[in-house]
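Chains as they are written, first to last, in the numbering used here: chain A, 8 to 155; chain B, 564 to 677.
Among the hints, a few may not be true.
Simulated pairs of lysine to aspartate or glutamate, DMTMM-like, Cα-Cα distance not exceeding 20 Å [as the list claims (entries may be wrong)]:
#1 B:Lys-646 <-> A:Glu-129
#2 A:Lys-85 <-> A:Glu-105
#3 A:Lys-137 <-> B:Glu-667
#4 A:Lys-110 <-> B:Glu-652
#5 A:Lys-102 <-> B:Glu-652
#6 B:Lys-646 <-> A:Glu-113
Calculated from the structure, these hints are not laboratory results.
This one's a predicted model, so the numbers in the text were calculated from it and none came from an experiment.
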Amino acid sequence: MSSILKKALTLITGDPLTVAPVSRPLKEFTERDLIRLESEIGRELFGPIPAGHRREFFCLDESTWVWHEEWVDADTGKARILTTRYEVHPNGILKVQEGQPYKFVEGRELQHLATATYLYYERVAREVYKRDPATGRPLVGAPDTIAS
Amino acid sequence: MEEVSPMTPINTFNVPSNPGMEFSQAEVNSGVLAMEQQFQQPETSPLTEGEQNTAYIDRLHAEAYEQSLRQEQELTAERSPEKCIQMIEACAVNVSRMRRQYVEQGQNQFDLAA
């Protein structure tokens with residue numbers, strides 16, 4: 008093999024002499040990974056996602072829920088992004104959107120949000136963490152994913 | 564009727580106390596012993612594999628029924644704003660706690676539901 012070809016291959020694949028075989032340890036989930044898994048459930052809670060939309064709904068921390076939606080505007084062809092934070096405050100759930108006045112969630116929206124967070128908790132506990140949402144104990148027949 | 568929340572198992576039975584019935588300590592102890600023996604019996608006469616499977620399926624069905632019942636109650640319930648806020652907060656606290664517990668205890672990815 009010509010030296011030029013060897014150099015070209017090394018540029019693409021790396022130097023075989025310097026790349027030792029890696030025994031890659033099993034990757035552990037970070038909080039970010041777990042949120043991504045949870046959001047796969049969260050995005051389904053509000054019905055079918057319109058074609059061309061990307062939706063995420065997840066619990067960010069102990070006092071914040073996030074709804075993130077991306078889509079392409081059919082009229083203008085421009086990408087649109089809307090992120091809504093629902094923050095738990097002692098006197099209510101504050102809805103925070105960029106460019107919009109903050110307001111407390113009321114009425115049907117509050118009911119729907121409560122139902123969605125309840126379903127999220129039920130499904131995430133069972134499907135991601137394999138826990139009984141009512142007791143917090145491992146599910147019957149499921150591998151014990153979190154040592155007690 | 565008190566509303567069920569994610570924090571409250573629905574199968575919590577409130578057994579009313581009966582002040583007219585009082586037992587001596589010896590009677591209580593013998594009753595406890597009898598109950599313990601009753602619950603220990605399955606260990607001395609193990610179930611067959613088929614019976615174990617049936618019991619397991621029954622338990623799964625019961626769990627699924629309980630889940631669907633609880634979900635139905637939650638979905639159809641008309642909650643007060645205060646209840647809604649409590650529920651939204653309780654769910655966030657519970658999910659965050661489970662997640663943190665999971666990360667802290669270093670479970671690997673193959674333990675999670677795929």
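Status of the hints after comparison with the structure:
{"no.": "1", "hint": "B:Lys-646 <-> A:Glu-129", "in the structure": "holds (17 Å)"}
{"no.": "2", "hint": "A:Lys-85 <-> A:Glu-105", "in the structure": "holds (18 Å)"}
{"no.": "3", "hint": "A:Lys-137 <-> B:Glu-667", "in the structure": "holds (16 Å)"}
{"no.": "4", "hint": "A:Lys-110 <-> B:Glu-652", "in the structure": "holds (17 Å)"}
{"no.": "5", "hint": "A:Lys-102 <-> B:Glu-652", "in the structure": "holds (14 Å)"}
{"no.": "6", "hint": "B:Lys-646 <-> A:Glu-113", "in the structure": "holds (12 Å)"}
Every hint from the earlier list agrees with this structure, and none is contradicted.
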